[in-house]
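Asks: Letter by letter, the chains look like this.
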Amino acid sequence: MSQQTNAVLPKGVAASDFEAAINKFRALLGDENILVNSDQLTPYTKIMMPGDVERNTPSAAVTATSVEQVQGVVKICNEYKIPVWTISTGNNFGYGSAAPGQRGQIVLDLKKMNKIIDIDPELGTALVEPGVTYQQLYDYIEENNLPLMLSFSAPSAIAGPLGNTMDRGVGYTPYGEHFLMQCGMELVLANGDIYRTGMGGVEGDNAWQVFKWGYGPTLDGMFTQANYGICTKLGFWLMPKPPVSMPLEIKFEDETDIAEIVEFIRPLRIAQVIPNAVVIAGVIWEAATCNTRRSDYTTEPGATPDHILKQIQKDKDLGAWNVYACLYGTQEQVEVNLNIVKGALKQLGKGKLVTEAEAGGTEPFDYRAKLMTGVPNLQEFGLYNWRGGGGSMWFAPVSQARGSECDKQYALAKDILNKHGLDYVGEFIVGWRDMHHVIDVLYDRTNDEERARAKACFNELLDEFEKRGYAVYRVNTQFQERVAQSYGTTKRRVEHAIKRALDPNNILAPGKSGIDLNNDF
Amino acid sequence: MNPKRRSFLKGALATGAAGSAMLGSAGLAQAAMQMKTNSMPTLILASDAAVEASFAAGVKAALSGSTEVTLLRTDRISPLTTVQKALQSKRPMRLVGMVDDATGELLTAMARSAGARMTWLGQHAADASQTRHQVISGQTAMGSALALGEQLQQDAAGFRFKAEQPFANKTALELSAARSGTTSCHWAAHLGHALMQPNAPVDAAYLPAQSKRLEGRFVSFVIEV
Numbered sequence: 001m002s003q004q005t006n007a008v009l010p011k012g013v014a015a016s017d018f019e020a021a022i023n024k025f026r027a028l029l030g031d032e033n034i035l036v037n038s039d040q041l042t043p044y045t046k047i048m049m050p051g052d053v054e055r056n057t058p059s060a061a062v063t064a065t066s067v068e069q070v071q072g073v074v075k076i077c078n079e080y081k082i083p084v085w086t087i088s089t090g091n092n093f094g095y096g097s098a099a100p101g102q103r104g105q106i107v108l109d110l111k112k113m114n115k116i117i118d119i120d121p122e123l124g125t126a127l128v129e130p131g132v133t134y135q136q137l138y139d140y141i142e143e144n145n146l147p148l149m150l151s152f153s154a155p156s157a158i159a160g161p162l163g164n165t166m167d168r169g170v171g172y173t174p175y176g177e178h179f180l181m182q183c184g185m186e187l188v189l190a191n192g193d194i195y196r197t198g199m200g201g202v203e204g205d206n207a208w209q210v211f212k213w214g215y216g217p218t219l220d221g222m223f224t225q226a227n228y229g230i231c232t233k234l235g236f237w238l239m240p241k242p243p244v245s246m247p248l249e250i251k252f253e254d255e256t257d258i259a260e261i262v263e264f265i266r267p268l269r270i271a272q273v274i275p276n277a278v279v280i281a282g283v284i285w286e287a288a289t290c291n292t293r294r295s296d297y298t299t300e301p302g303a304t305p306d307h308i309l310k311q312i313q314k315d316k317d318l319g320a321w322n323v324y325a326c327l328y329g330t331q332e333q334v335e336v337n338l339n340i341v342k343g344a345l346k347q348l349g350k351g352k353l354v355t356e357a358e359a360g361g362t363e364p365f366d367y368r369a370k371l372m373t374g375v376p377n378l379q380e381f382g383l384y385n386w387r388g389g390g391g392s393m394w395f396a397p398v399s400q401a402r403g404s405e406c407d408k409q410y411a412l413a414k415d416i417l418n419k420h421g422l423d424y425v426g427e428f429i430v431g432w433r434d435m436h437h438v439i440d441v442l443y444d445r446t447n448d449e450e451r452a453r454a455k456a457c458f459n460e461l462l463d464e465f466e467k468r469g470y471a472v473y474r475v476n477t478q479f480q481e482r483v484a485q486s487y488g489t490t491k492r493r494v495e496h497a498i499k500r501a502l503d504p505n506n507i508l509a510p511g512k513s514g515i516d517l518n519n520d521f
Numbered sequence: 001m002n003p004k005r006r007s008f009l010k011g012a013l014a015t016g017a018a019g020s021a022m023l024g025s026a027g028l029a030q031a032a033m034q035m036k037t038n039s040m041p042t043l044i045l046a047s048d049a050a051v052e053a054s055f056a057a058g059v060k061a062a063l064s065g066s067t068e069v070t071l072l073r074t075d076r077i078s079p080l081t082t083v084q085k086a087l088q089s090k091r092p093m094r095l096v097g098m099v100d101d102a103t104g105e106l107l108t109a110m111a112r113s114a115g116a117r118m119t120w121l122g123q124h125a126a127d128a129s130q131t132r133h134q135v136i137s138g139q140t141a142m143g144s145a146l147a148l149g150e151q152l153q154q155d156a157a158g159f160r161f162k163a164e165q166p167f168a169n170k171t172a173l174e175l176s177a178a179r180s181g182t183t184s185c186h187w188a189a190h191l192g193h194a195l196m197q198p199n200a201p202v203d204a205a206y207l208p209a210q211s212k213r214l215e216g217r218f219v220s221f222v223i224e225v
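Line order of the protein sequences matches chains A and B.
The opening position of the first sequence corresponds to residue 1 in the working numbering, with each subsequent residue numbered one higher.
The opening position of the second sequence corresponds to residue 1 in the working numbering, with each subsequent residue numbered one higher.
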């Protein structure tokens, strides 16, 4: 039996009660599924946020292998008032990774619940457990020669659809708005009940993965980015694999081109000529993902000067902005749409179109092409080597898909980042009518002064964007309370009322998205 | 124990940070565990030639001749498949490495996913005249943390060292010195050695030349399967 070698306790829980709870977890799950030794828990503490590790250190981690065990865990947590932070694959890099939101919470790790329960190649639907990774799904689809294509976030191989969708992550294909493609959840509620959304509550029904709405209130969205239930199964739609996929890149020379790029893309995107979640990536993002490090060009502290960025752009044959889009369909369909894109580009009068024939086999084109055609890869981890030192926070404000908005956001973000001695490492992901402006605030965690700057920078980004009516759609766990404030008191009161009704003991991930019954709401 | 080390430990203990990891029963338990683990097959991961010549050399110097040791250079071969195989095998094994940040993130995630024990996790920065080190120090790693801190005290370059003890109700052990000397790669060799044998001095014959530089950002780790 592994003895506890750490002194971390859940907030407000006496050591004797915690020990009793651990003993019950052992009886329920088996010794091998109870991690209390610091050596076992260290991998759960690898965070990229600026606060000290101790803020997000778990008291224990437990792994469940069945829905019944999840129900049992919830029952024990209620009995001893132990807060539980649930992860699926735990690879939410830059948003908190696998660490709990608050010190002392136990982690419920669902990595061992990793069954692909069903894939229907005719209907293009899937039903999976929390631990299923995109790589696992990809392998299954390939091995069974299924005519389907995946959509995933950038850490695709090791992340999974359930966790990404529940956190409202996005991908790069026509199915890139993952929550939109979600169809049916199974959740273990705080009282141990099992709740299925949509058609899932009807005994014998087989439409759970094809009809989202069911009858009466549709509550699926309420459980995303939330702490009202533990998702143990997720249904979602898969795109039929098109006969032809044509990834494209369009390089733009100047950073001031961003407004015109968006005006060029939006009509094509809304009309579905370009059906995928188009990316407009800045020069550092693209340089870093093709293995360029800042130290290759300068070791001076602070923001990387513009003249160096221009040099990198030239050396690596990148644009100041690099647009990635993909056309799908039959050869005829793709050719028609390609001609429309070419026509629009000609009208724009700038931008260099690059096809796979020209850029295939080179990075970053290859990994972008893979993301847009459903092939998992890990190339984007190169971002972490740009500046190095292990600090990364995603700042992800949303805006309308308008050139003027993106221009404004880009200028503001770059000014604030540079003022704090950090780089603008960003991309815009074009939704149907929105833009996810995703900026990786990269900094060196080994440098206390830089950590403090990164934290101040992130706060200023939130503050200044909010003053102009912008807010982020997702944030790391050290800033979740701050971001919740951006969305207003009424919303928070409603969220806390739901929390009180569904989880009166406040055991499920208190603090997630700023929802915690210890808050004064 | 040599006088320098005794003095260093005394200073560390005075901060209330080091606790009894080295000198108490836990220290003895750690020593016993090291005797056991030092015979485990060991996979060393090094991010490039400079890390191989320093960190990996230190690791090798600490291992007995009979230990099965394999070196993998991550700038030549992606380590993911090899590490995945090692983590999934039932065979007891130790993975010790110093790699870049991207690889460090991935390997930590893989260790967690496999349920492996991570007895050491460190983040390091080495610039021209300063090195910085942040380690997560559990009970079994405190000896290695102290050994690294001790070595840094002897270096010509300035340094900042912080050993967080998130699993203990203790403040982090923090050490620093502002010096104008040039950084060398010796800290990495000593770190490699300290991760295997925190209580023994490194054999100078294994150290790279003092003039060798090692600059960059690194993640160090010890994973036990």
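These are calculated hints, taken from the structure and not from any lab test.
A few of these clues could be false.
What the hints assert, rightly or not - Only pairs whose alpha carbons sit at most 27 angstroms apart, straight line, appear in this in silico DSS-like list of lysine-lysine: (1) Lys112(A) with Lys170(B); (2) Lys455(A) with Lys170(B); (3) Lys408(A) with Lys419(A); (4) Lys170(B) with Lys115(A).
Asks: Now tell me, hint by hint, if it's right for this structure.
Replies: Status of each hint after checking the structure:
no. : hint                     : verdict
1   : Lys112(A) with Lys170(B) : 33 angstroms, violated
2   : Lys455(A) with Lys170(B) : 24 angstroms, holds
3   : Lys408(A) with Lys419(A) : 17 angstroms, holds
4   : Lys170(B) with Lys115(A) : 41 angstroms, violated
Hint violations for this structure: numbers 1, 4, all remaining hints satisfied.
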